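Peer 1: Chain by chain, the residues:
Number of protein chains: 4
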Amino acid sequence: MKKLGVGVLGVGEMGRRHAENIRRLVPEARLLAVADVAADRARQVANDLEIDHAFSSLNEMLEHRDIDAVIIATPDKFHAKAIEAAAAARKDILCEKPLATNRADGERAMRAVTQAGVRLQIGFMRRYDPGYDAAMKRIEAGEIGEPVMFKSLGRDKDVPPIEAYRANINGMLFYNNTIHDFDLARWLMQDEVIEVQAYTTVAIRPELAQFGDVVASSVNLKYRHGAIGNVESNVQAIYGYDVRTEVVGSKASIFVGSLEKTPATFVSAAGGSRSLCDHFFSRFGDAYVAEMRDFVHNMLHDRPPRVTGEDGMRALEIAIAAEESHRQAGAPQRCTAEHVELLGATSAQA
Amino acid sequence: MKKLGVGVLGVGEMGRRHAENIRRLVPEARLLAVADVAADRARQVANDLEIDHAFSSLNEMLEHRDIDAVIIATPDKFHAKAIEAAAAARKDILCEKPLATNRADGERAMRAVTQAGVRLQIGFMRRYDPGYDAAMKRIEAGEIGEPVMFKSLGRDKDVPPIEAYRANINGMLFYNNTIHDFDLARWLMQDEVIEVQAYTTVAIRPELAQFGDVVASSVNLKYRHGAIGNVESNVQAIYGYDVRTEVVGSKASIFVGSLEKTPATFVSAAGGSRSLCDHFFSRFGDAYVAEMRDFVHNMLHDRPPRVTGEDGMRALEIAIAAEESHRQAGAPQRCTAEHVELLGATSAQA
Amino acid sequence: MKKLGVGVLGVGEMGRRHAENIRRLVPEARLLAVADVAADRARQVANDLEIDHAFSSLNEMLEHRDIDAVIIATPDKFHAKAIEAAAAARKDILCEKPLATNRADGERAMRAVTQAGVRLQIGFMRRYDPGYDAAMKRIEAGEIGEPVMFKSLGRDKDVPPIEAYRANINGMLFYNNTIHDFDLARWLMQDEVIEVQAYTTVAIRPELAQFGDVVASSVNLKYRHGAIGNVESNVQAIYGYDVRTEVVGSKASIFVGSLEKTPATFVSAAGGSRSLCDHFFSRFGDAYVAEMRDFVHNMLHDRPPRVTGEDGMRALEIAIAAEESHRQAGAPQRCTAEHVELLGATSAQA
Amino acid sequence: MKKLGVGVLGVGEMGRRHAENIRRLVPEARLLAVADVAADRARQVANDLEIDHAFSSLNEMLEHRDIDAVIIATPDKFHAKAIEAAAAARKDILCEKPLATNRADGERAMRAVTQAGVRLQIGFMRRYDPGYDAAMKRIEAGEIGEPVMFKSLGRDKDVPPIEAYRANINGMLFYNNTIHDFDLARWLMQDEVIEVQAYTTVAIRPELAQFGDVVASSVNLKYRHGAIGNVESNVQAIYGYDVRTEVVGSKASIFVGSLEKTPATFVSAAGGSRSLCDHFFSRFGDAYVAEMRDFVHNMLHDRPPRVTGEDGMRALEIAIAAEESHRQAGAPQRCTAEHVELLGATSAQA
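Chains as they are written, first to last, in the numbering used here: chain A, 1 to 350; chain D, 1 to 350; chain X, 1 to 350; chain U, 1 to 350.
Some hints here could point you the wrong way.
Facing chain A, according to a computed beta carbon distance under 10 Å, are these residues of chain D, among others [unchecked claim]:
no.	residue
1	A198
2	A216
3	S218
4	G226
5	I228
6	E232
7	V248
8	A329
9	A331
Computed, partial: chain A to chain U, Cβ under 10 Å [said to hold, decoys possible]:
no.	residue
10	R23
11	Y132
12	R244
13	F255
14	L259
15	T262
If you are wondering where the hints come from, they were derived from the structure by calculation, not from laboratory data. No experiment lies behind these values; they were computed from the predicted model shown. Even glycine gets a Cβ: it sits at the ideal position worked out from N, Cα and C.
This is chain A alone, in the form it adopts within the complex (with noise of 0.2 Å):
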């Protein structure tokens, strides 16, 4: 069986999981090379996961002839040039969210794939999960009717150290974590957002402000076709992770979340208590599993990949309307659709 031979790039936290993931989990992968700028990172996973090779550039993993697609998983501000690169390498990419931290960025990455004619995946993780699955498939089979409201929350537990924030090496909460919703916003309703309006809020945590970032959010949307919405992000909600979504239709709703962490529950005269979800590997590994599945079975086969460069843009132009709304405090911003459709017509030839 001929086997889709894969390199992962960056392999923090969430690339040691992909790479572990198409090391055990992935029959149709062969994971033949990681690359991180820490290069004792990189030989350590290497060693863990018995693979053979680990650099400390992708340029160098670019040159491994086996390799035929690179998973991205640098952080955010990272992600466009080594999407460049790879693409000039002829190599397919998985790249994590977010395609890019600002609009030059991100359409600089979509031109290299379009012209390199090689294919990329976004990794909007939780259209694999079984919940969003089984959500779009009755909305698809016109189950709800008409969508009129489209809900979503994301709350992590903790906010990511002050260290991070220093070396501004993530995008801002709108581009780190909220464009998930951004990318349900937009599958889930079959629709485009085309204005957005946003409050942000730094309470507890005054001193985000000064890089330019908040703790949580509050982002009204407004539809192409009529209906209207709303995500809320908050990124030290303490309790737990959290994520929720509701579709509301002119038939029907659905609501996707869960939030218990096992099928336990604790009763005393205190009440009942359950432990509660803390991390998006609890709530999401299955779905990162299908998502590697999926892309590497598709590109295996020559097939386009589930979701396209072409939806990771137009995703980031609903982040950068909402910064541009945080920014002039709360004045509604309108999402460049049109930049982005003729981007993504161009992305359509690939």
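Take the given structure of chain A and dock chains D, X and U to it, following the hints.
Peer 2: Leaving out everything else, chains D, X and U in the frame of chain A:
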């Protein structure tokens, strides 16, 4: 035992329920009369509840000497005038939400109450629901720390008949539905909303546009002390009557809401299913009783009401700002908080 | 409107609640009197409910001409005698469960009712709970197919005070608690229990053994038509008041039960917690009202009661068999079904 | 890194899953071979998993020098013989439940293991489920106080095909299904079951009677230290795969179980519905992986297995007693605990 003599104005669905509650479930009150412009309806209710007096106007009822307090449950746009009349007759008042459907009416009603030295409670019955009450107790005890985010949604099963829109007897969505959430937004957060932004939709019911009304809305909130929030409303959610609220705090969070109609679950090869709550009396039936008992008790013992006219005016100001944002295509609008405070100061003397 | 004149015998916690319900929530009834061997308690309740008559014995109350029906809420062991007296006075009767605490008493009570030609309802109020009612409607509609397995549990928060055991005024666990589940076992399965087997424990409360009572039990059931079942009871579950029932059918199954006290959830780093139901009035408050309304309505309109004396006798027979199994170290015991049928036939003529 | 060489015997649904788990998800193990009397099936699995050796008999596989441990996943009645053979070949063993389908076989297997000085784990994978694991940790920490009542149920969606009954390759309901709950009954209660009583039914599947088997059962349990319990099983619950357990303690209680297949809820005017879990791999997929990792780790590091052969023998003794009670129309039966202890003592030396 001295009892509070009570008259009920307006005995449609809501007023009739109040009258029944007073007659049967509030031992400290004596239901003396009901009044309704539909004289037949008033007589029918008086007959069913076995009370002596049915009037066809508020003024007739106000002449009844033994009436100490009046419950106002007319269509929304008559609330303010009824408050003025009842205040002039020196009756204490429990008025259904909203206080009024515009600022001028609201202010006139507030002034009448202040000048007459009577007491006014607004019917925000959710504050009496065991779930919301339990939430507030924990918030007041500091258990969630500093509140960061307020979320609330209210979805009705079926849109009112088009005749109700034509008659224009209730305020639009924000005044008739969302106002409950605007009250919770202040009460649970112990803070004031200073700015709002609203997107609305007439999707699936375009004929509502001619009445200046909408099917659904998403209103973003900005608070004085830095917190933010969002309130969603929908008059045609089809699947049921669904009211849920969340307060995310710096130390913990609280969710309030329940959707099931009965504690029965049916499980078959097609899945597990439960009947859903479909009416506000199913969800808040006990809250209406607790509200009336509390109002009656406070009036009887010369105490201030738990939910004041000022609460009604402040919630109204948020609704007015939300409607203005809706009219201006989503431009954020300030709530005229100072104005309310002035009135509030006066009102507090009552 | 003609009303049913009602007197309540025994105004402890349960009887007082019945009296309140009749006084306030059952428009077709008029509460005329209460009686209690504790004369002070009777007077207090009469005073609180603003009714004229408080008696210190059933016989005195029975002399009141306008009393059409008597509610019996004495301690269990006095039920049968009270039924006999009320029947002799030609009053219709709603008697709290159990019908009696032994077979001889139960049979005497049944005979008295039959001979007097009055009607007798037993207080199995769970049949009036919206959850159980919804379950039964689906079962009767054939939606679960053929019932295969019956499961039910009833757990109380706290064991009664030891004085209650010393006074020996209630039957043991099976007569006072499990009898509710024995009734559901017949009603929901539409079949008769023909044999039972019981294990019991005095774990954590060994002092109950001297009273012939137990802390918890697990009773296996065998049905006439081949189905089987199990009923668990516990008087000291500490965490709350928990009643749940399942019927597993050949096509589908139904679960009834709820544990939460309010629709509020508190989530913190320690997990998610909810307050639990802690008293049967919280869980079945509405069922008691519905039960009384139905009884009153049927008596007033000369209809048979919905839960009959025969139902009480059959549940009692199951309890007697369960106690016998308990005494014989778990040996299975037949229920004397034929015997009951004989009585039932007579009772059905009433 | 030294790895444990593993061979899998029997690659039907269960064995194939074990083989996949070892191959992909247990880094400390190396899957060397599979064996199955259906040689084609063995070759297919070997091919799919890209391993070298497929055998058509256990004996052939046991000759493979590098195999350190054998996983036994044959039909139930071959378990004991396979254990004997593997033990004779000095292999450590993980055998699917039950240890055997009768006492003589079980004892022979235990003796073989003891004499060979190898280690034997029985596949009670529920002990590795995060829910059951969390429950046990709280119980061991004393959080529920003294256990008073054990309740467990296991319901399968569909009865096995009639051919499986004809072939008589698995034990009856108690050996094949209920044995999981019998193991939990000992483990979670940290106590021994000394007596059982069983009612069973062939309702809706009378043809099972000819095979000595049943559709559903309710088994009452008596514990050595005074607690009691009940275990329900059903092979044809239609609505899904449902496993739930409760331990009621003197201070608090614990419930384990979940029924939903995905975190998606569909709400319409017909009610709210969720897909239900329909297979043990959906519910316990992660537990099977954790079980295998733990077994492999312990074997590799010369530690005793977490679930022992003695555990398997004791659960078997409960099943034997339950079957005897079933045969004797529900007469209670003692578990031959002393006998087990004798074997246990020997086994503990291994």
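Peer 1: Against chain A, is D/A198 within 10 Å by beta-carbon distance?
Peer 2: 8 Å, holds
Peer 1: Does D/A331 pass the interface hint, meaning its C-beta sits closer than 10 Å to a C-beta of chain A?
Peer 2: 7 Å, holds
Peer 1: Quick check on D/S218 please, does its C-beta sit within 10 Å of some C-beta on chain A?
Peer 2: This interface hint holds because 4 Å falls under the 10 Å limit.
Peer 1: Hint validation: A/T262 versus chain U, beta carbon distance must be below 10 Å. Holds or violated?
Peer 2: 4 Å, holds
Peer 1: Hint check: is the beta carbon of D/E232 less than 10 Å from a beta carbon of chain A?
Peer 2: 7 Å, holds
Peer 1: For the restraint on D/V248, tell me whether the closest CB of chain A is nearer than 10 Å.
Peer 2: 6 Å, holds
Peer 1: For the hint on D/A216, does the least C-beta distance to chain A fall short of 10 Å?
Peer 2: 5 Å, holds
Peer 1: Hint validation: A/R244 versus chain U, beta carbon distance must be below 10 Å. Holds or violated?
Peer 2: 9 Å, holds
Peer 1: Against chain A, with CB atoms and a cut of 10 Å, does the hint on D/G226 hold up?
Peer 2: Constraint on D/G226 satisfied, holds at 4 Å.
Peer 1: Taking 10 Å as the limit, does the beta-carbon of A/F255 come near enough to a beta-carbon in chain U?
Peer 2: Since the shortest Cβ distance to chain U is 4 Å, the answer is holds.
Peer 1: Does the interface hint hold: is A/Y132 within less than 10 Å of chain U, judged Cβ to Cβ?
Peer 2: Holds: closest Cβ of chain U sits about 8 Å from A/Y132, inside 10 Å.
Peer 1: Do the numbers back the hint for A/L259, that is, is its least Cβ distance to chain U under 10 Å?
Peer 2: Holds: closest Cβ of chain U sits about 9 Å from A/L259, inside 10 Å.
Against the hints set out earlier in the document, no violation occurs for any number.
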